[in-house]
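Chains as they are written, first to last, in my numbering: chain A, 8 to 261; chain B, 6 to 317; chain C, 59 to 449; chain D, 374 to 659.
Quick caveat, the hints were computed from the structure, so don't treat them as lab data. Some hints here could point you the wrong way.
BS3-like mimics (lysine-lysine), calculated; alpha carbons at most 27 Å apart, straight line [what the hints assert, rightly or not]:
(1) D:492 to C:442
(2) D:492 to C:362
(3) C:418 to C:124
(4) B:146 to C:184
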Amino acid sequence: MLLKVENLTKRFGGLVAVSDVSFAVSKGEIIGIFGPNGSGKTTLLNLLAGLLPPSGGRVLWKGEDIAGARPNIIASAGVIKTFQNPQLFSELTVFEHVMIASFLAFTRMKDHSRWRSFLWPGRTESILRERAERALALCRLQDASLKRAAELSYGEEKMLGVAMAMMCEPEILLLDEPASGLGNDEIHNLESVLRDLRAHGTTLCIIDHKVAFLAKFADQAIALQQGCKIAEGRPYDVLADPAVVKAYLGRSHA
Amino acid sequence: MKSLLLLLIPLYVLPLVVHSDVVLTILIFTFLLGILAVGFNIVFGGAGQLTMFHAAAFGIGSYVTFLSMLRFGIPFWLGYCVAVVIVVLVSIVIGWICFKFRLKEFYFAVVTLAFAELCRLVALNWTSVTNGTLGMLVLEKPTIWLPGSGIVRIEQTTSWYFLSLVALSAILVFSVLLMRSWIGRNFSAIRLNEDLAQTLGIDTFRYKLLAFTISNVIASFAGALYGFYTGYIEPAYLAVTQSLDAIAMVLLGGVSTIMGPVVGALVLTSLPHLIELPAEMRVAVYGMILILVILLMPRGVVGLFRRPRHAA
Amino acid sequence: MKHCLRACFAGALLTAAVVDVASAQTGTVKLGQIEAQTGPNAIYGYMSSQGVPIAVDEINKAGGFKVGDTTYKLDLIALDTRGDPKEATIQIKKLLEQDKAKFVFGPFLSNVFVTIFPYAKQFNGKFLMLGGGTRIHEFVGQPGNEFVIRSWNWDAGPRGFGERMVDYLIKTAHPKKVAMLFQNDSGGKILGDIYEPIFKARGIETMTEYFEPGTKDFSPVLAKIGEFRPDYLFPGYSDAALYDIVRQSIEGNYSKKFFLVRGSTGPGLKNKDGIEDYIVYVPKDFEEAEKSDPKVKHFVDAYKAFYKRDFPYDQAPLCSSSCYDHVYMLVAAMQKAGSVDDVEKIRKTLLSMTYEGMWKISFDDHSEQVFNFDIVHLRKGGVKEVSHVEP
Amino acid sequence: MTQVVVGQILNGIILGSLYGIIALGVTMTFGITGIVNFALGQFMMIGAYATWYFTDLVMLPFPVSVVFAVAIAAVAGLVADQALFRFTRNNLVNGLLVSIGLISVMESAALLLFTTTPKNMDVVIAGSWSLGAITLPRMKVVAFLLLVAVIGLTWLGLSRAWLGRATRAYAQNPEAAMLMGVPTKALQTGVVVYSCALAGFGGALYASLFSLEPSLGALFILKGVEGAILAGVGNLLGALAGGAILGVTESVGSLYLPTSFRDAYGLVFLVAILLFRPAGLFGGRK
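If we strip away everything but chain A, and leave its shape as in the complex, we get:
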């Protein structure tokens, strides 16, 4: 069991954003989490990635509780997150973004010491550059590699977020509404990228409110409402679950 979340809760003063959510993800599996706006999806993701300290519950990553750890520790443990609205370094080019994201990969290089690479960065640079090109190719951004982040379209920004996440060699990738705000061809692009990721065996945890898009990929699905888990199981069963339908469409719909 790669990731096991046990009754994770988060309170902002009186408001309970995430209450008592538990689920588990095994290696190579894709889990989809969906729910209407304000159902606590992004808060849940921020709790997992350490951007928000949880009010209660545990997050077992490979058996070890990482709830409340600092984001960089969680990231170096392999739990990498993308942002709902992409966070970028506005002045830098796409390629520079990915090179910065190569830090974790760099720290995991075993074959030679960091300090030698400080004086003669040649070799490590070329390895990282080659990995960066691969990540950009994976996300269909290779021709945009010299464009500045400020000049990218919304779809390209989202893709850059995924590319940067990939560079960190994640064991689990938490995708925060990857499809929202994308045009049709960008969604096709995203779908092919997710297929490649699945082929790589990367564990994915996708949250979105585009149910149809999620159902296509997720092996397992969870529905959230007002921070609580109201349904779990195979995507189509969850979609058919009356509680989900009521939450989504506001009334029971046979």
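Following the hints, put chains B, C and D in place on chain A, whose structure we already have.
Same frame as chain A, now just chains B, C and D:
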């Protein structure tokens, strides 16, 4: 790296051509204050943290080097090592306090300003050690082992010129290597978007502390050389005005560039001697430059020629 | 070919000699000046830098001065150190190496002097430096430092004006306790070290307090002094602080009797109804001297003509005037020594002569200046009593 | 001994009110325009020199010259805002550096006009009241009352008058205020000009107490920022309290420790507050 060497070569050749002591002296002050500016640029241009502590490091560098030379009778370079140890410890303590409490921009600047002022007050009032306001006359000089003539005391202007130029070159090479390495990339990540850097696995606390410490060590190097060159150390070395000079040099020359601080240092050091302005006007021109640079040329002189990149 | 070379070489030598003879009639003597004309601690430098230009202007307008058979004009190079030792280092190099000045006036600031001293020492014997800074006392008169001459009298010692002032205080007021309040900088610290022994030697109990330069509210430190119940308050050293100290000491009735060795009559006159006693060392009380001494009258008029503003009677006029005397004294020394560039000879004549300018200026064996001065004693209501002292 | 301490506490509070008025200016400017105007000390200097000029040279009565001084400081504030601070809204670092540039420009202008020699205004209200061993100069007490009155009026204005409420609303939530038709541009300029006028007023009263030098602004802006942060930036009444706390610690502290540590207390407070109570003692807008 190549562009750096290209710019430094003519400076090495200069003393063979130019013999006027005044020009060499102005250049020596440019190099020494340039080292201080490069140090500041690493933490501000690199990691985006506006510190006001580099003047205190500058002063501590000169005081501790000289005092350890007096007290233990060791040569300049050993004395400077003692100063580095002290500056590193002080930087870690202050850096830890500031970054643990996640002080942002303005508050970080104000707290480091407060610590720098406290160091200045200590230097001012600890008269038994630092001789307080009377300052200390430094008659010792750094010594260097030269292949031909063994241990040589650096006294004449030309020998000081080469010592300070070699020191500046070493610091510039180090800063190029640093900014091109993974450390430099992490600094840029922290400067441009600290939250994103966290999620990419960068321990921003540790790297900000590293940037702060490196910048203070370089500032103390500039302080040690400066104190021994002028031959007089006083509490004013730790004053806010010293910090502001370095900041103005980096802003004028170009933030986040390698040669920017040196260009800024050259302009601001030679300015008072080139244009014969009445004294009051000179201070006004100084302020005018600071304002114009920030409003019109945010990327400074050198920055104009190159797009800002994190030296990748 | 060789022959021709030798010929034109000889020709060149000849013309140079001729040209030299032709210009023998007139020459210029370069006079350097490095004083802090602006910046936070420029009060003394600013005043002294005003006297020299007036004298130089007068001498040059009078056609210069004759030494041997050549008449010389003075070329003044006045530089503003802004109180910054780094600037002063560059400026002294400019004066000594580029302009090859043989006589340099200033600096009045101790930290500037101490910074340029190691460099200037290399030119010992090649130039003369007349500086007024307090810490020059530690270097002047020692072998190897012949180039330094201190252009201000020293407090302590047999002919020290400080001792004479304290004797006057004891004679007129028999104080038992004196509280000293000095600025926490090199000048203030040295005053403390000088006057504590002088008062102790005369059995007067003293207490010394220091305040941060730039302080404006003195009531905490005055309250501490109030506890001591001094008969006299001895504040120093620049007018910037004295106006506030005297006013606040009177308003808080900590002490209404004051004794000063530096500063001017200004604060006393400003609070003339509040003070009970105000004894101040003034090198010359200009209001009174202007009426009796033609030389002083001439200087005051020259100042007004040159600067086109009224004469700053209350602000330590000494500096601007004594530096005026120094230019004339230097010229007299050059004329007596019969040379313009034999520095050692000029130095000896300068130190041995007594110059009758606005002051009777001479030098002690420590090559520090000694000159007559006045003690101005203000009483309540501004009644002024001036006594002249010849050390 | 206790009377001396009480005397110093009162003196500290009076001095603190001068720090307080600058702290108020710092707080208001930070609250509305998002930058700290480090050049406020120079506007205080303008107010001081203007008052001295009108009182001693033009022989106007003190209250009239104070009004003129405040007007001049306000106009100077308007010019500085339109020329400089308009471009550094909500950019703390640029605001900090531009104000530092402005400080050296204004200080050298003062040096050009008035030279370094200190200027002393004729005493406006002479004498002092004394109560047992405690004696307080009359002018100091009057100055204190005027400063407290002005700070109180500012606080009342901000909480009662429409413009005041709009300013506070803008400070708490700029976007919302904008949507409700609060004229942000005019408000920001207005606040900068008003804080410069406050500083000018502080300078005018300063001139009646102490001698003037071009570099008087530097000390007061540091104390003003310390006072503002001590009270919690954005907290208006707190600014006066912050200034008073600084004044009292310095005056009483100088009784026991050497006066050269006077500036240390403010710095130690500053660091302690920023670390442990970033919202300041009274919880302003962080």
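Hint check results:
no. : hint           : verdict
1   : D:492 to C:442 : holds, 23 Å
2   : D:492 to C:362 : holds, 20 Å
3   : C:418 to C:124 : holds, 23 Å
4   : B:146 to C:184 : holds, 24 Å
The structure meets every hint from the earlier list without exception.
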